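The primary structure of each chain is shown beneath.
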Amino acid sequence: MPLIDELVALLGPERVRHHPLDLAVFAKDAGVTSGPVVAAVFPETAAEVAACVKLAVTHGVPIVPRGAGTGLAGGAVPIDPGLLIVVTRMNQIHEIDEIGRTAWVGPGLINLDLSTSLASRGLHFAPDPSSQRASTIGGNVGTNAGGPHCLADGTTVAHILAAELVTADGDIVIVGSDAPDLPGLDLRAVVVGSEGTLGIVTKVLVRLMQNPPNAATLLIGFSTIQDAAATVSRIIASGSIPAALEMMDRPMVEAVEAFVQAGYPTDVAAVLLAEVTGTGQSVADTTSLIESIAHSNNAASIRVATDSAERALLWKGRKSAFGAVSQKAPDYYLHDTVVPRTRLVEVLGQIYEIGERHGVEMLNVFHAGDGNLHPLVAFDANEPGMFERVRAAADEMVRASIEAGGTLSGEHGIGIEKRDLMPLVFNEADLDAQARIRDAFDPQRIMNPGKVLPSGSRCFDASGARL
Amino acid sequence: MNLPSSVMGAMRAAGLSPSIRGFSDEATVAPTTAEQAAAVLAAAAAENLSVGFRGAGTRHEVGGTRTYAIGMLSSRMAEVIDWPVEDLTIVVGSGMTVDQLEPMLNAKGQTSLLPTGDPHRTVGGIVAEGESGYGRLKHGPTRDRVLEVTLATGYGKVVRGGGRLVKNVTGYDLPRLVTGSLGSLGFIASVCLKLWPLPQQRSIARVDDAAAAYEQLYRPFAVVEPDTGSYVVLEGSGEDISVQASSIGARIDDGAVLPPVIGEPILISIRVPPARLSEARRLVIDRQPDRFIAQHGVGIIDAGWSKLALNQFVELRKDIERLGGSAVVLRSSGLLPGVDPWGTAPPTMAIQRRLKQLFDPSGICNPGKLPGGL
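Here the protein sequences come in this chain order: A and X. Throughout the first sequence, residue numbering follows the working numbering, covering 552 to 1018 in sequence. Throughout the second sequence, residue numbering follows the working numbering, covering 718 to 1091 in sequence.
Hints are not guaranteed to be accurate.
As a list, the in silico DMTMM-like pairs of lysine to aspartate or glutamate whose alpha-carbon atoms are at most 25 Å apart [said to hold, decoys possible]:
id: 1; chain 1: X; residue 1: Lys825; chain 2: A; residue 2: Asp836
id: 2; chain 1: A; residue 1: Lys579; chain 2: A; residue 2: Glu939
id: 3; chain 1: X; residue 1: Lys825; chain 2: A; residue 2: Glu842
id: 4; chain 1: X; residue 1: Lys855; chain 2: A; residue 2: Asp648
id: 5; chain 1: X; residue 1: Lys1035; chain 2: A; residue 2: Asp648
I should point out that these hints are in silico values taken from the structure, not numbers from a laboratory. As the structure is a prediction and not an experimental result, all values here were calculated from the model.
Let's have the full structure, built from the sequences with the hints guiding it.
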């Protein structure tokens, strides 16, 4: 029986999409790549996922797991005609442990929905990617997603204690545990961030954090990027790591103000958005410390918000950045490099120079506290030759970041987009070791093949089966 | 038994002279570079000779006591390789001890947050075991602070995973996988650690009810309940700490210190879901340990006995596993004969076996240390 017929027999026609219009929708994620889809299926249980995996394996069709499709690196885009296993119907909160501060949730649960539904219990899920209104916990696990509040709390991997995983063999196993330091190798740690190449996560045990009793948000304007970056370094060195330290440059602030009017100053070169959380006294202490550091680094303006409405308004500016860009130009191309915090100013300078040389419009909004840059190029893909220029500029920006001791991705993942840049960061032996991790889970390379690692990553690879 | 000439030759070519002293191994070797370590491992793999990795040797019983053909020491890889102070990261050789590392970091207002109870322990040993210090409740486990690892693998290659950056999702997470792998995948040559700034002040307050204090406080550094009482460890400015302490009706005890490491001949690490800690604590106390230290919110109880009947331990382990946890024998000094150090193996042994096989095809790296005899 053809694969589609078998899938329909398993899930019913409603949960197996293969109409050309559906296939066109699922051929893309939120990035710039697209690929051929055989069908998109919507299982509701781990057993159904396992059955789909076994059918795909039998038919030799590669499997691509997918959440909401908000990824930017092509992780959920097939390379060869593939079966998309979409987890969005597995969106339940199964169990909450308020004492242990954990919850078992489905991978299709939307990130923000989790924190919203926990608000009355005074708990939240810390990773807060800009896509959090749409992206799923399963997708967050796949990319090891970040967000502004990962500065103090770490990216997704620090917030996933265990996961139920359907393996390439169609087995259902639990990696990790709700108890600490499970004996044996920490498979959980490599499953998080593996972009669906090690299996499909069908249930996730998330760590929950207490909502802070007090918070202050500071919006600080600077007349030079250098002063803003120096302030970031001094704050971190001072002994308190704020909950978030975000920076936006003038073009980005202008775009945001035109879009949402959050009250950001548009007459400065950069704004720094800092958030401080904790006990009342510690918030007051750290707020005044940040203010004095900002003053000594020539801050042009400082606004401190402590009530939740004003804090929300300041955050609205930051969180609307990507929406604001889409008002400026029909397309944008976004990178996600990380550099050591002390090299921020230098690399930003190079990024501006690269943008200017290629004649592309650059805007910057980024996680300054952890050196995670998001150089963003706004453009119109219909303009002849434009996309090639944008790609060339982006490529140079990545190389500049790596030359400064940085890396390819801080939170978006590698996917297809950055896969072939991996040799800029890792040598042959390093990539071979990573391919061994993958082969331990999926020796047949049926799970999201062709992602993360460039072809030929396994040295002495006799099988030649690699894409 | 003498080592085969091929192995001796590889050691000499790497500029190393094997010594026959130390531990119970046939010979020991102390490489100064990852490449030397890899060359020795390649030669040993070709001859199927087991290699045991040695830090300070303070926790050599973790995973069971074994003897190996070759002992590989990290003692000559104890230097700072890179320390960009303002980036709050440091790269050190795996042989550096915590009493070398921490005072150096503290002098610049930084800390590794690694466990410092035993000053002789090495960074490599702590990372290989995956042990965390008291600050885990607030700052997370050691595993989340290992940013980059350089590993000499069981197939004799030097590989690097991760990066010297505090945020990084570039490729598979080799550093976290190696953390807690007990040398099963290879010899840890160096690591990059994420550092934290020292708090303005850190103080200890005595409390009556540790579980209640954990519930009420906002992100304390630690809530520790040893056999001598209950304590919370608070960080911040002096004023902030007093406010936090008085919010739970506790007073700062300037004379209090965190409990020292447990020195009893039997040392068991009880690991349970944090919500089950109080139950686990009762189960431990029922077996009358000489000392114990429970960490609320973390779910770990370390307990020490000068002697413990075998059947008592077997029952305790059964009870703890029923709570969804494990009772791991970190040290038994020969007093719990025949006991598996780990207990019931995790359900993912098929994948773990393949990982071990791919990183250590000849099975020479610290064999037998992982659960399931891997």
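Results for each hint:
1. Only pairs whose Cα atoms come within 25 Å are accepted, and Lys825 of chain X paired with Asp836 of chain A is accepted, the gap being roughly 21 Å.
2. Simply put, Lys579 of chain A and Glu939 of chain A have alpha-carbon atoms about 19 Å apart, close enough for the 25 Å limit, and the pair holds.
3. For a cut-off of 25 Å, the pair hint linking Lys825 of chain X to Glu842 of chain A stands: about 23 Å separates their Cα positions.
4. With a C-alpha separation of about 19 Å, the suggested pairing of Lys855 of chain X with Asp648 of chain A holds against the 25 Å cut-off.
5. For the given pair, Lys1035 of chain X sits about 23 Å from Asp648 of chain A by alpha-carbon distance, which is consistent with the 25 Å threshold.
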